[in-house]
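Novice: Take a look at the letters that make up each chain.
Number of protein chains: 6
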Amino acid sequence: MSVVVQNIERADQSVIDRLAACGVATVHEAQGRKGLLASYIRPIFPGARLAASAVTISAPPGDNWMLHVAIEQLKAGDILLLAPTSPCEDGYFGDLLATSAQARGCKGLIIDAGVRDVADLTEMKFPVWSKAIFAQGTVKETLGSVNVPVVCAGAYVRPGDVIVADDDGVCVVLREEAEVVAKKAEARVAAEDGKRKRLAAGELGLDIYDMRGRLAEKGLKYI
Amino acid sequence: MSVVVQNIERADQSVIDRLAACGVATVHEAQGRKGLLASYIRPIFPGARLAASAVTISAPPGDNWMLHVAIEQLKAGDILLLAPTSPCEDGYFGDLLATSAQARGCKGLIIDAGVRDVADLTEMKFPVWSKAIFAQGTVKETLGSVNVPVVCAGAYVRPGDVIVADDDGVCVVLREEAEVVAKKAEARVAAEDGKRKRLAAGELGLDIYDMRGRLAEKGLKYI
Amino acid sequence: MSVVVQNIERADQSVIDRLAACGVATVHEAQGRKGLLASYIRPIFPGARLAASAVTISAPPGDNWMLHVAIEQLKAGDILLLAPTSPCEDGYFGDLLATSAQARGCKGLIIDAGVRDVADLTEMKFPVWSKAIFAQGTVKETLGSVNVPVVCAGAYVRPGDVIVADDDGVCVVLREEAEVVAKKAEARVAAEDGKRKRLAAGELGLDIYDMRGRLAEKGLKYI
Amino acid sequence: MSVVVQNIERADQSVIDRLAACGVATVHEAQGRKGLLASYIRPIFPGARLAASAVTISAPPGDNWMLHVAIEQLKAGDILLLAPTSPCEDGYFGDLLATSAQARGCKGLIIDAGVRDVADLTEMKFPVWSKAIFAQGTVKETLGSVNVPVVCAGAYVRPGDVIVADDDGVCVVLREEAEVVAKKAEARVAAEDGKRKRLAAGELGLDIYDMRGRLAEKGLKYI
Amino acid sequence: MSVVVQNIERADQSVIDRLAACGVATVHEAQGRKGLLASYIRPIFPGARLAASAVTISAPPGDNWMLHVAIEQLKAGDILLLAPTSPCEDGYFGDLLATSAQARGCKGLIIDAGVRDVADLTEMKFPVWSKAIFAQGTVKETLGSVNVPVVCAGAYVRPGDVIVADDDGVCVVLREEAEVVAKKAEARVAAEDGKRKRLAAGELGLDIYDMRGRLAEKGLKYI
Amino acid sequence: MSVVVQNIERADQSVIDRLAACGVATVHEAQGRKGLLASYIRPIFPGARLAASAVTISAPPGDNWMLHVAIEQLKAGDILLLAPTSPCEDGYFGDLLATSAQARGCKGLIIDAGVRDVADLTEMKFPVWSKAIFAQGTVKETLGSVNVPVVCAGAYVRPGDVIVADDDGVCVVLREEAEVVAKKAEARVAAEDGKRKRLAAGELGLDIYDMRGRLAEKGLKYI
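Here the protein sequences line up with chains B, A, W, S, F and H, keeping their order. For the first sequence, my numbering begins at 1 and goes up steadily by one. For the second sequence, my numbering begins at 1 and goes up steadily by one. For the third sequence, my numbering begins at 1 and goes up steadily by one. For the fourth sequence, my numbering begins at 1 and goes up steadily by one. For the fifth sequence, my numbering begins at 1 and goes up steadily by one. For the sixth sequence, my numbering begins at 1 and goes up steadily by one.
Okay, chain B solo, but in the shape it has when bound (with noise of 0.2 Å):
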C-alpha cells in the first residue's frame, strides 16, 4: 500500500510562471472558483508568492519518515505538500529539512500539519504554508506514500498539480489547466486594471458593473 511514484508529469514551467504572477485569489476566480485550501492554512511569515509542481506526501499522524523518502524525488522548482492521514498538527518539517529540500531546488511546502525552527526558516526564505507552528517532534516508524493522490485541507491534489500561494492562501490547479488557467487568469488582470482606475477615479461598481436596475428589480428599497 506504501508506494514512491517516481516519475510524475508536470505543467510546462512558463505556465507555472505565469500563474504565480496572477496569485491565489485571480487564479482561483479563473477556474471557476475552485481549488482552494482551506483558510486555516497560513504562510509563516509575510510576502511569499510562488507556484509551482506538488510532489506530494501522504503521512501518517506525528511521523515524517515520508519527507525524508519525498526529498529525493524533487526536482528544482517543485514544491512539497503533505497531508497527514488523520487531523495532526506536530512539527514534521523544520531547518534540516529545509536545507535538504533547498539544496535540491524546492520552492516550499504546503503541510496540512504543523512545522518548526519557523524563525531560521524565516532567515533562509523558506517559505511555509501550514496548519500550525508547533515543536512537537515526530518519529520515522511508518510509511506512507509519495505522489499519489492526497486530500490537503480540503481540496484534492494529485502530484504535478500546480501549487500557487501567497498572503491569501493556497490554491491547486489541475496540471492539464494550467495553460487555460493562466490565460484566463491574465485576461482577469487586464481587465481588473481597467477597472482599477475607475474605482480609483471615484465611479462606483453600481454604474461599472450596471447593478442598479437589477438591485431594484430584487426589491432593494432605499429609505
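Mixed in with the good hints, there may be bad ones.
A pair holds if it fits inside one copy or across any two, identical chains being indistinguishable in the list.
Unchecked claim - Derived pair list, reagent style DSBU-like, types lysine-lysine, alpha-carbon separation capped at 35 Å: (1) Lys197 <-> Lys34; (2) Lys75 <-> Lys195; (3) Lys125 <-> Lys140; (4) Lys184 <-> Lys195; (5) Lys195 <-> Lys218; (6) Lys75 <-> Lys197; (7) Lys140 <-> Lys195; (8) Lys218 <-> Lys140; (9) Lys34 <-> Lys218; (10) Lys125 <-> Lys75; (11) Lys75 <-> Lys218; (12) Lys197 <-> Lys183.
In short, the hints are calculated from the structure, not lab data.
Assemble chains A, W, S, F and H onto chain B, guided by the hints.
Specialist: Same frame as chain B, but now just chains A, W, S, F and H:
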C-alpha cells in the same frame, strides 16, 4: 426586507478623533467594559489605529453584492462594517473594492467573514480587521441591507456608531455616548500616565492601589 | 486555599542561558519530547527568544488580581506564567503591568488567556506568549495562588521550572533536569551542524541516516 | 452600571403558545431569516420544545450571582437567558438553581456558557440550551445586570422578547413583532402541509416549485 | 460549469449490503485506513447503520437549490451527499426535502453543512450525518453541480462510490474496490469474532498478538 | 524513557464508592474547584456515573500499542486513562479492547483522543469519556508509558488517583486527598438537600443565602 438607509447620523469628527487617540483597551474600559468584538477579529497587518463612523452591512453568506451598494453610502472618514447573516469566512472584499472605498474616503473595513488580496491591501495601507483571510470568491445574487443594526462578531452595532480599532481588536461606542466616553477615556489615559511612572520606578501595584489589606481580608496566605 | 509561596528554587542562571541558546524545538527533543505547551500559545511579536524561571499564577477567569501579587515575587530574570482555573481569553495583562514587571527585571509573560496593549508591549520589547489578544477587561475580586504547580496550555509547570520560549512556542524544563537537558540539547545542536552542512551540499537524509534498508524492509515500493 | 429592571413587557401568552407550536425553523423563516442563536447552542436533552418571554442576564465570566437576582424577576412562563460579558463555559447553573427557577414557574434556560448537573436537570425535565456542559464552579463576587438588552450567541435579545427553542436550536422574536410572526409562521405550516403530501406522493420540488425554467436560464446542463 | 450527470454507475446492491453489515470502522481498516470523513460529521440520532451509493452535490454556501435537482437523480437505495463550495453550516435540508427524498427511496443524507427539523427527521427515521444542526435558512439563487466528484469533510467522493455510515461516522469506498473491500472486511469480522472470545475469557492482547518480544526489543521497561 | 510501573497505590474502595455517589460537580466543589478535565471530554452515552482508580497511559499520536500493555496492569475496579503526547483524535479504542478490559474488571475509559465501535460499547455498557468519536485506525509501532503522571485534557493525573465521571464530565481527586474530599462532598450533598427543599417551596436564594445586603453594598440598583 432589504433596505438601504441613506441618511445616518454620525458623531462629531473631533470626538471620533479623540477616541482614536485613546485606543481600544482604554475606550472599552471607559465605557464600562462593553462593546468589544470577539477576539477572533484580527487586523491583517499590525500598527493600524483608527476611529470612524460605521456604515453597516448585513449580507448573505458568500454574497458580496451589498458592499457595492454600501460604498455609495460612505462619507469621508467612515468605516465599512459587514456582518454575514450566517457564519461565513468567504473573501467578500479585495483590492478592487478597497480602491473604490478608499476613493470615497473610507478608512477601513471590519468584517465578520473573510478578506483577500491582503498583500495589496497592506501595500495600499487599507486596514482590515477580519475573521479570516481566504481567497474564496463570492457571488452577487441575493440582497441584504445597508445601514441597519447588526450583530458583528458578538457586538451590536448601529449605523453611525463609532468604531475604534487597533492591534488589540475592535470596539464599538454608541454614537450618543461617544463624547462622554471620550472624556472618560482621556481621564484614564491621564491617570495611567502617573501610575506608569511610579510602576516604572519599581513601586508595586499592591501599594499604589492599596491592595494588601483587602487581600489579607479575603484570606490570602504568604508561606 | 489561596497561597503565595515566597521562596522558590531556581535553576542556575548559566544553565538557563544555555537552554535559551538552544531554542524550543531542540530543548523539547533533548528532554524526550515532553514539556511543550499547546500550539495555540503564540508570541505577540516575532523574534523573541528566551529562557527564564517561572513565577506561576493560578487565577480565576476574568480576574487579574493575582498578577499584582505575583509581580512582588519576581526576581530579575524570571518570567510570569499564568494559568486560569477555567478557559478564558480575557486581557489579564497590558502595558501598565508590563511596566511594573519590567521594572522588577521580568523577562516576559506566558499566559493561557488574553493580553492587551500589544502595540505598547511590542514597543517596550516585552515578549508575551498568549492564547489570545483581547482587550476585554478583568476585575480584582477573587483570590488565586502564586507559585503553586499549574497546568498551563496542557503542560504541568511548577514554580522555578525553566521556561524556554521562541517563535516555535513554549517548552517547560523541570528545574532539576535543566542541566542534563542543556547538555543533551547542546549535543543535538552540535550534531545538527554537521548534518546541516551535508544536507546543504545535496546529500540526502535517506543516506545520511541510512534509511533505505529499513524502508524496504517495511515494504516501501518504488514505482 | 449594574441594574435590575423590574417591570418588563411581555407578549401575549396566546401568541407565545402559537410560536411554540410552529417551532424554531418555521418561526425563523417567517420573520425573514433573522434571530437565530449560533448553532453551538445545543439542548442538553432531545425533545424539548417551547416558547417563553426572556428574562435576560448579563453576567461576568465565572460569576453566577446575577442568576439568583434574576430568579426573583421571573413570572410563570418566562425563560432565563444568560449572556456572559466575555466568552466563558463555566457551569453557571445546576440543579439547585433549576429547582428554584422551576418553583417560580420558569420554563427553561438559554445560556451562552456552561451548565452542570445535567442528569438531574434531565430527570426534572428542566430544558437547557447551552454552549457547554461543564462542572466548573462559579463565584458570587461581581455584579451584572438583569433585564437589559444583551447579545447572546450572536443574537440581540431584549427583556420580554419571545424565545422559541427546540431540537433545532434557539430563535428570538421581537416582542412587538410576535403576533405578526406567529401569523406568518402558521401560514407557512399550513402551506407546508400541502406540499408535504405531494412530495410524499413522489412529486418533485422541481415541478411543485416550477424551477426547471429558471435552472435552464441560469445555465444548468444535464449530461 | 454547472452540470447534472444523469447516469452514474453504482456498485452491486449485494456488495453494498455486505459493507453495511461490516460497519464503518471495519470497512475503513479493510481498505487500508482510508476514506473516512472528518470526525465532526455526526449522526443526528444514534443507531442508524447503512451503506448506499452516493448521489453527490456541490453547492454554494447558503444555497440549497441543487438538492431539489439532485433528488430527481436518486434511485432507490441511494444516499445524498452534499459538499458546500466553502465552509458553511446553514440548514440546507429539513423535513420537506426528506419527505421528497424518502419518497424516491433515498436512504439518508451526508452533509458537510447544517440540517434542521431534526425532531421530524428522527421521527421519520431519516438518518443524517451532518456538521451542524442549525435552523438557518438558505436561498435558491446560484447553481452548483450534481454527480460530480467532491471533497466532503476531507474525503474525496465520486458519484456512485459507496458510503458506509453508522454511529462511528462515515466512510467512502471506491465503487470499483467495493467487492474486494467487502471481502476483506468480512474476513476481519470473522477474525475478530475469534479474538473477542479469547479476550472475553481474560486472555491478553499482549499474548494473543505475541507482542511481548517486540516491546522488549524496542526498550520497554517494567518497574 | 518508556516504562510500565507495575505497582501503584490506590485509594480505599469504600472511599472511591463514596465519591461516585456524590458526582462530578459536587466532588469538584468539595476539593476547592480543581481537577476538572476540559469540557470537550464527553460521555459516548448518557447515564453512566462512576469513580475508579486511574491506570494512566501516555501514548504517541495514532498509536494504541500501550493500551494492550496497560490492560495487563488493571485491577478490578480500575479505569483506563489515556493522554496522547500531542493532540490526536484517532480511534485508539474499540470493542475488542473493551472486551479485554471488561474481562479484567475495568470500569471504563477516559481518553483525550478518539474512540470507535461506539454502538458496541454502548450495548456492552462500557462507558467512555472521549474527545472524539472517530473510526480512524491506529498503529502499534512506538512505545509510550503506563502508570506515569500525565496531563489529560488539561488536568494533571497520577496513577492511582481517583477519577470521578458522570454526565457532567470528569474530575480527578488526588489519591491522598480522597477521603477528605469524600467527607466534604458528602457534607455538601447533605447541605444541598435542605436548600433544595426550601427552594422548591419557592424561597429565594437571595434570602436563603442572605445576599441582599451585599448586593446593595456593591451598588446594584433596582429600577
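Novice: Each hint should be assessed against the structure and marked as holding or not.
Specialist: Structure-based check of each hint:
In this assembly of identical chains, Lys197 and Lys34 lie within 35 Å of each other by CA distance solely inside one copy; the values are 28 Å within and 38 Å between copies. For the homomeric pair Lys75 and Lys195, the shortest alpha-carbon distance between copies (22 Å) is at most 35 Å, but the shortest distance inside one copy (39 Å) is not. When the C-alpha separation of Lys125 and Lys140 is checked against a cutoff of 35 Å, the pair qualifies only within one copy, where the shortest distance is 27 Å, while the shortest distance between copies is 38 Å. Taking CA atoms no more than 35 Å apart as the test, Lys184 paired with Lys195 passes inside one copy only; the shortest distance there is 17 Å, against 44 Å between copies.
For a Cα distance limit of 35 Å, the shortest separation of Lys195 from Lys218 qualifies both inside one copy, at 25 Å, and across copies, at 26 Å. With identical chains, the CA atoms of Lys75 and Lys197 are at most 35 Å apart between copies only, with a shortest distance of 20 Å across copies and 41 Å within one. Taking CA atoms no more than 35 Å apart as the test, Lys140 paired with Lys195 passes between copies only; the shortest distance there is 17 Å, against 53 Å inside one copy. Only between protomers do Lys218 and Lys140 lie at most 35 Å apart by alpha-carbon distance; the minimum there is 11 Å, versus 60 Å within a single protomer.
For the identical chains of this complex, Lys34 and Lys218 are neighbours both inside a copy (28 Å) and across copies (19 Å), given an alpha-carbon limit of 35 Å. Proximity of Lys125 to Lys75 under the C-alpha cut-off of 35 Å is restricted to the intra-copy arrangement: shortest distance 19 Å within a copy versus 38 Å between copies. With identical chains, the CA atoms of Lys75 and Lys218 are at most 35 Å apart between copies only, with a shortest distance of 26 Å across copies and 54 Å within one. For the identical chains of this complex, Lys197 and Lys183 are intra-copy neighbours only, at 22 Å inside a copy versus 42 Å across copies, given an alpha-carbon limit of 35 Å.
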